[in-house]
Amino acid sequence: MLEHKKIKRSLLGLVFLSGVLVLKLWGINGSKTFSWLNHGEFAVASAHQPESQSAKIRQIVNKQHLWGTLLYTSDSGHKLHYKTFGYANQATGKKNGINELYPIASLQKGYTGSLIQMLINQHLLTMNTKLAQFYPQIPYAKKITIRELLDHTSGIQMGEPVPSTKLVSQSQAINWTLKHLKSTGKFNWNYSNANYTLLAGIISQVTQRPYYEVLQAEILQPLHLSQTVTWQTASQKFTGQAYFNNQTRVYPVSQPLLSSEFGCGNLYTDVTDYYYFVNALQSQRLFKQQAYDQLTQDHTSYSGGFYYQKNFQRADGADNHYFSFYYGTKNNKITVIFFANRSPSDYAGRVAVKEIANLLAAPPKS
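Position 98 of the sequence shown, counted from 1, bears residue number 98 in UniProt numbering, the numbering being contiguous throughout.
Derived by calculation from the structure, the hints in this document are not laboratory data.
Since the model is a prediction, treat every value here as computed from it, not as a measurement.
Be aware that a few hints might be false.
Here are the simulated EDC-like cross-link-like pairs (lysine to aspartate or glutamate), alpha carbons at most 16 angstroms apart as the crow flies [stated by the list, open to error]: (1) 182 / 160; (2) 330 / 293; (3) 333 / 148; (4) 186 / 148.
Build the full structure now, drawing on both the sequences and the hints.
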């Protein structure tokens with residue numbers, strides 16, 4: 001069983017749960033601001049941010065014709081600000097709320113990468129462990145390492161083939177990937193979901209437990225991420241819809257496609273749960289700084305589900321016409337998360353999130 005640093009809860013944990021209840025009950029369309037003590041341990045309503053900044057943020061999002069839910073902070077999470085845009089379901093008049101669930105596509109890779117690092121911390125894997133130990137049938141598996149899978153430098157390529165029907169088990173999803181991937185033996189950077197499906201399978205083989213059970217036990221439960229669920233669970237209660245570009249025409253979600261994206265793109269969550277996850281990752285609540293540096297290759301290039309640059313990291317996902325964006329500064333001061341169910345493109349969302357981050361970083365006018 002994986003071990004990780006236990007998060008101190010006690011009385012603060014009880015207060016946290018109360019705070020989350022307040023937050024969820026306040027999940028209405030519009031703009032809200034909450035104060036947070038100790039990075040999410042306690043929540044109360046606080047004064048709104050300056051109206052000029054709030055108006056500018058809304059202008060940035062509307063300029064890109066985005067619908068969705070936005071979370072942002074510029075003080076290391078002591079105050080979390082929310083804004084919502086457009087409809088979750090225009091036909092029924094249901095607007096997007098601050099606790100709206102969204103499929104987060106490739107943002108799931110950050111969770112899978114973190115679980116791999118936990119196994120490394122327990123000396124059950126190393127970055128140099130070979131893929132052949134788990135999937136010897138893959139060409140060049142004796143040369144491919146865990147590090148290369150995390151970094152998309154394994155030489156494995158795969159598009160997004162869609163099954164004719166839903167894949168109803170972990171083994172079916174892994175076998176689908178094994179059937180359709182191509183291992184080239186060329187160890188250049190090439191983004192492929194297959195890398196993270198294989199990593200999810202490795203997690204399950206090492207722990208002798210289903211991937212989602214490990215995810216629940218090692219990340220979701222310790223961080224109280226109750227809004228983070230599998231695609232199967234989400235499909236039972238999810239009422240939102242995706243929309244084409246900047247139109248109001250509904251884009252049908254492919255359940256078979258979601259079912260095939262095991263470990264790499266079929267989680268649902270809300271912006272608050274995702275904030276807790278990335279904040280815990282950056283603040284060493286999942287594992288120590290040394291382990292975090294190992295996972296991220298000292299914050300250079302891409303690794304473990306995130307793109308790293310000098311002063312910030314980002315992640316984005318696009319699937320079934322849902323888009324998810326994360327931007328955070330290296331010092332953990334500024335975080336912007338936007339989950340969209342309507343966007344003209346992945347690029348439009350990245351532009352909006354970067355502009356919001358730049359606005360938050362700008363010194364206040366005297």
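Going down the list of hints, with the structure as the test:
1. 182 / 160: At roughly 12 angstroms apart (the allowed maximum being 16 angstroms), residue 160 and residue 182 satisfy the hint.
2. 330 / 293: 12 angstroms, holds
3. 333 / 148: 30 angstroms, violated
4. 186 / 148: Distance ~11 angstroms between residue 186 and residue 148 Cα, so the pair holds.
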